[in-house]
Amino acid sequence: MTTPNPLLEVKGVVKSFGQLRALDGVDMVVGRGKVTGLIGPNGSGKTTLFNAVSGFLEPDAGTVLFDGRVVTGAPTHQLARMGLKRTFQNTADFTDMSVVQNLLTSVRTVPGERLSRLFTSPRQISVSERSLVDRAWILLDRLGLTELANARAGDLSIGQGRLLQIARLLMEPPSLLMLDEPSSGLNPDDQHRLSTTVRQLRDVEGVTVLVIEHNMSFMNAISDALYVMHDGHVIASGPPAEVIRDPLVIETYLGVRSATA
Amino acid sequence: MSTLLILGGLITLMGIYAVAALALNLQFGVGGMVNFGVAAFFGVGAYAYALTVMPASSGSYTYILGLGLPWWAGAIIGGLVSALLAFVVGSGLLRVGGEYLAVVSLALAEMIRQLFINQPAIANGARGLLNAPVPSLDIIPGRAQALFVAAAVVVVLGISYLLFRRVTRSAFGRSLRAINQNEAVARSLGVNVYAVKLKAFVFAAFFMGLAGVMYVWYLSILTPTFFNVNITFTVFIALIIGGTGSNAGAVLGAVVLLGLREGLTYIQVDFITPELLASLQDALQGLVLIVILLFWPGGLFRPRLAVYPPPRSASVAPAVLATSAAGGR
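If you read the protein sequences in the order shown, they are chains A and B. Here the first sequence is numbered in this note's numbering, starting from 1 and rising by one per residue. Here the second sequence is numbered in this note's numbering, starting from 262 and rising by one per residue.
Source of the hints: derived by calculation from the structure; they are not laboratory data. Keep in mind that the hints are not guaranteed to be accurate.
Stated by the list, open to error - Some chain A residues flagged as far from chain B (calculated, every beta-carbon gap over 10 Å):
#1 16
#2 75
#3 111
#4 136
#5 138
#6 185
#7 206
#8 216
#9 230
#10 231
Stated by the list, open to error - To be clear about the criterion: a stretch of chain B counts as covered by chain A if any three or more of its residues have a C-beta under 8 Å from a C-beta of chain A, and this derived list gives those stretches:
#11 422-430
#12 437-443
#13 452-462
#14 556-568
Just so you know, even glycine gets a beta-carbon here, dropped at the ideal spot from N, CA and C.
Make the full structure from the sequences, and use the hints.
Now the structure itself:
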């Protein structure tokens, strides 16, 4: 599969934990403005790949290119400021803050973020705060969380927490949004709302999305390309309809052959 | 008059600890940085003040500097020297796990204290400095100068409170709180964890140094025994009693704790000797901490979450309300 001018390119990335080669030479290309899915059985290395790309783990070998630049091993906060942002599989809310406050934490380009400016430009800061809060309310509306706006984030359900994680990243839309199992724990209504949001992000705001997911109907609804991982390798990639018919994928991931044998 | 002076002294002491507790609240309460070296920053500020405002040393009474600066300049220098120490300590230790900061800061405080004791050339060693100049106005009669000091401390406390409130309510304060609650997630949102922590640590240390300066205003003498580890624990206990994470709680905790501690000294009973009194004060401090942790684990003052109203603009508000009603759970 050739993708011209990809947003993210992963070349031969290796990551070992002791004897375990969690990533064993992974190659991946994520096209601009596309939703790329990443599937594979538990333990196949999907989240490790996310960690290696987002700066949480430094790869033992291989290269990560983001927007044409080599970013292998770059610090997470710098990648985020460059526009590469991710969610986490576990709930990752700031539990002792309200939902709105959680959203406000994700904006880096405000004057109030700089300690020195707190005392020199108070007016500018209060104007920017107000517009941030307005933006937070609009995003909460988009994800159906307005009723919880002033609730403590720690009191949210797992599904609501996942939506909150996504809303938080959209305060400053990234160019690459990496979602780690976003639909797990969501009820069908919220799943639908989420897939609609992801498609809107791609179609309206041109956000590129890389998503790990087990829910195949969710994946089919949103993805333009699919990668399948197994034991630290990419075993198949291409358009979703082709990939899920690949015999190797069916054997390793869906386990059909072993079930019928 | 004497009642007024006693009250002035009490207010001074409360104000000193309240400023230190506000500073610790930013480091520990909001930012989760366990600084067991409060006494070091307090002491360094106090000595920097005394050494810059006192006249040049003469005779057998030796100390360095002795610049004879005005009290307000010495106070600013006291804060800055403390902030500089925080920058040195923090730039190394805030990169690694929080437990390193706790252990090293505790050791640092004792090391600095021993340095002042064992190097008499710096500040007259264990015998300390006497008659350090304190803020005064010529028009105030002698004994009432203590009230002027109390007023100055209250003004410093008021300004400090407003500054800390500004910081904790800002985007900067939110980032610091986010780091404390989940550092990995904060990082993934683009927060430069190390830089935010270091700035907060240094900013707060300025005020810890200032608290030390005000301690010299209160006593006008300064010996290394004054800034031992008890200061650190008193400030921590004040913050925990008042409400960790809350600026108002930090002030309230200092007022309550110092009120109780100093209140004991006015109990007129024959068998209470000064030695017994000191022990009773420490015991009371521990007892208050236990009671608070049992019955109000979050401290006396637990702020509620700030409520953010929906946008006022008509174009957004109805849409928000309509959707939330339709999608209501």
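Status of the hints after comparison with the structure:
Non-interface status of residue 16 of chain A relative to chain B is upheld: no Cβ of that chain comes within 10 Å, the nearest being about 21 Å off. A beta-carbon of chain B comes within 10 Å of the beta-carbon of residue 75 of chain A; the shortest separation is about 8 Å. For residue 111 of chain A, the requirement that its beta carbon stay farther than 10 Å from each beta carbon of chain B is not met, with the minimum near 8 Å. A beta-carbon of chain B is positioned within 10 Å of the beta-carbon of residue 136 of chain A; the least distance is around 7 Å.
Here residue 138 of chain A does not stay apart from chain B, with its beta-carbon only about 6 Å from theirs, under the 10 Å limit. Every C-beta of chain B lies more than 10 Å from that of residue 185 of chain A, the closest at about 14 Å, which supports listing it as non-interface. With a cut of 10 Å on Cβ distances, residue 206 of chain A stays outside the contact zone with chain B, its closest approach being about 20 Å. A cut-off of 10 Å between C-beta atoms confirms that residue 216 of chain A is not in contact with chain B; the least separation is 26 Å.
Residue placement check: residue 230 of chain A keeps its beta carbon more than 10 Å from all beta carbons of chain B (closest about 27 Å). For residue 231 of chain A, the non-interface assignment is confirmed: its Cβ lies about 26 Å from the closest Cβ of chain B, beyond the 10 Å cut-off. As drawn, the segment 422-430 of chain B meets chain A at 3 residues by the rule of a beta-carbon pair under 8 Å; at three or more, the given contact holds. Coverage of the segment 437-443 of chain B by chain A holds [criterion: at least 3 residues with CB-CB distance below 8 Å; count 4].
Coverage of the segment 452-462 of chain B by chain A holds [criterion: at least 3 residues with CB-CB distance below 8 Å; count 5]. With 3 residues having a beta carbon nearer than 8 Å to a beta carbon of chain A, the segment 556-568 of chain B meets the requirement of three or more and the stated coverage holds.
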